[in-house]
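Heads up: the sequence lines are chains F and P, in that order. All you need for my numbering is the position in the first sequence, starting with 1, plus 272. Here my numbering is used: position 115 in the second sequence is 108, and no number is missing along the way.
Some clues are possibly wrong.
Said to hold, decoys possible - Beta-carbon label-pair distances, calculated as ranges:
| id | chain 1 | residue 1 | chain 2 | residue 2 | range |
| --- | --- | --- | --- | --- | --- |
| 1 | F | Val331 | P | Gly21 | 51 to 61 Å |
| 2 | F | Trp401 | P | Glu145 | 29 to 39 Å |
| 3 | F | Arg394 | P | Ser159 | 11 to 21 Å |
What the hints assert, rightly or not - Derived list of chain F stretches under chain P, where covered just means 3 residues or more per stretch with a C-beta under 8 Å from a C-beta of chain P:
| id | region |
| --- | --- |
| 4 | 340 to 350 |
| 5 | 388 to 398 |
| 6 | 442 to 448 |
| 7 | 469 to 477 |
Said to hold, decoys possible - So these bits of chain P aren't anywhere near chain F, every CB distance computed over 12 Å:
| id | residue |
| --- | --- |
| 8 | Gln67 |
| 9 | Arg70 |
| 10 | Gln84 |
| 11 | Leu91 |
| 12 | Ala92 |
| 13 | Gly114 |
| 14 | Arg118 |
| 15 | Ser120 |
| 16 | Val122 |
| 17 | Ser143 |
| 18 | Gln149 |
Hints listed in this document are in silico derivations from the structure and should not be mistaken for laboratory results. Just so we're clear, the structure is a prediction, and the values are computed from it rather than from any experiment. Cβ coordinates follow ideal geometry from the N, Cα and C atoms, glycine included.
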Amino acid sequence: MNPSLEPATTKSILAGSRKSWFGFPGWAGGLLLLTALLMLVNLYLIFMVAPTDAVLGQVQRIFYFHVPIAIVSFLAFFVVFVAGIGYLITRRRRWDSVAHAAAEVGVVFITLALLTGVIWARPVWGVWWTWEPRLTTTLILWLIYVAYLMLRAYVPDRNRAAVYAAAVGIIGFVDVPIVYYSVQWWRSIHPSAVVGPLANAGALEPIMQAVLFFSCGVFLLLFLYLLLERTALRNGEDRLSSLRFAQRRGVTDPD
Amino acid sequence: MAEDKLNPAGFPPIVEPPTEESAAADSGRRTRFRLIILGVVLALAVGYMIYAAFPGNALYFLTVSEFMGGAEYQDGRVLRVSGKLAPDSFQREGDGTLAYFRLVDKELADNAGADAAVVAGPSLRASYVGVMPDLFFNPHSEIILEGSYSAEGVFQTDNILVKCPSKYQSLEDEPPADYNSPGYSS
Chain F
273 MNPSLEPATT
283 KSILAGSRKS
293 WFGFPGWAGG
303 LLLLTALLML
313 VNLYLIFMVA
323 PTDAVLGQVQ
333 RIFYFHVPIA
343 IVSFLAFFVV
353 FVAGIGYLIT
363 RRRRWDSVAH
373 AAAEVGVVFI
383 TLALLTGVIW
393 ARPVWGVWWT
403 WEPRLTTTLI
413 LWLIYVAYLM
423 LRAYVPDRNR
433 AAVYAAAVGI
443 IGFVDVPIVY
453 YSVQWWRSIH
463 PSAVVGPLAN
473 AGALEPIMQA
483 VLFFSCGVFL
493 LLFLYLLLER
503 TALRNGEDRL
513 SSLRFAQRRG
523 VTDPD
Chain P
-6 MAEDKLNPAG
4 FPPIVEPPTE
14 ESAAADSGRR
24 TRFRLIILGV
34 VLALAVGYMI
44 YAAFPGNALY
54 FLTVSEFMGG
64 AEYQDGRVLR
74 VSGKLAPDSF
84 QREGDGTLAY
94 FRLVDKELAD
104 NAGADAAVVA
114 GPSLRASYVG
124 VMPDLFFNPH
134 SEIILEGSYS
144 AEGVFQTDNI
154 LVKCPSKYQS
164 LEDEPPADYN
174 SPGYSS
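Using the sequences plus the hints, can you model the full thing?
Rendered as structure tokens:
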């Protein structure tokens, strides 16, 4: 075996993985461009078009980041849940790649949701953090998916890591509806839902609702872009490690 | 090999797989066992979280009437009480930082409406040293006090939290100016 082959192989694998999504090259780049443009429009809508809140003032604009980011993190964990089931049934590595990518992106988003919440809570509630149901269950959600990533990193055998992670991803998803319903089930300082089955009609003015939905759409696109890119990279990593494995076998094999 | 059958598109193991069939079957059983343990631990953790946060075991706050109706809450333990600022009840001691005010149940304050100088029903007299939060005097705010009841019958507040309505509306629709100042409600 020629060891100098390896860098070229690495490069071509990672390049190849980019093109593998839906078969057309540059797909991820186009999606990134679209997301970036729409994010600029989103910023304009949030800061220039959305009205200032009567009670909370300018700080309420963080709402147009906080809520979409939280919703997208729930969606990410739903993807982990579905892909985990898919992996346990089919044992195909594609499912596991999607689950892993969604968990990583989901952890980024739930972290941002917690941070924007902390920044918003300080001027409005008067404290950075308080141990109330919505905040506590969300922190637990964060811990569950951080544990998910740690588990993946610590189990040396990739097959086993995938099975354990699928189990954590499926069971851990239980916390997502608990987070959503926490403000309904228990006394809380957190405002009740403005999106989904618990939303009150009239909680938002039409213009605020429109900006919120646009922002949700943009963050959804950002999530899709990150998910596809990370999944493709993950598949590339898998192919690379299987090639390395084959190469090592080739070297150690007597024939 | 058994592992390959389980895993037609499986990953290459980092450690070379054991060649004996029995070892593979053994590790499979251990995997399943660990998986079950992991699942049970996680399920218990989530279950405990639900149990611990369930009403009756841990409430985030008490209402004013619950607090005034329960002698066990008034023994000086630290807890949270929620209500609305009683109209015209806020007063400062001279130019100092010590302030006194009364909280009433949210429903009472809401039903009494705008002209309610008198609110019938239980009220909690509270003291606080420091600067009031921005939205403390806003008539829409619910106020959550963290502190304990003193022997003199005053709730000594350590922290004030303000809960805002889950409703957002634009500034143009509401009268601003002194909206968040003590004088607004009168």
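Numbers of unmet hints, in rising order: Violated hint (a single one): 4; every other hint is consistent with the structure.
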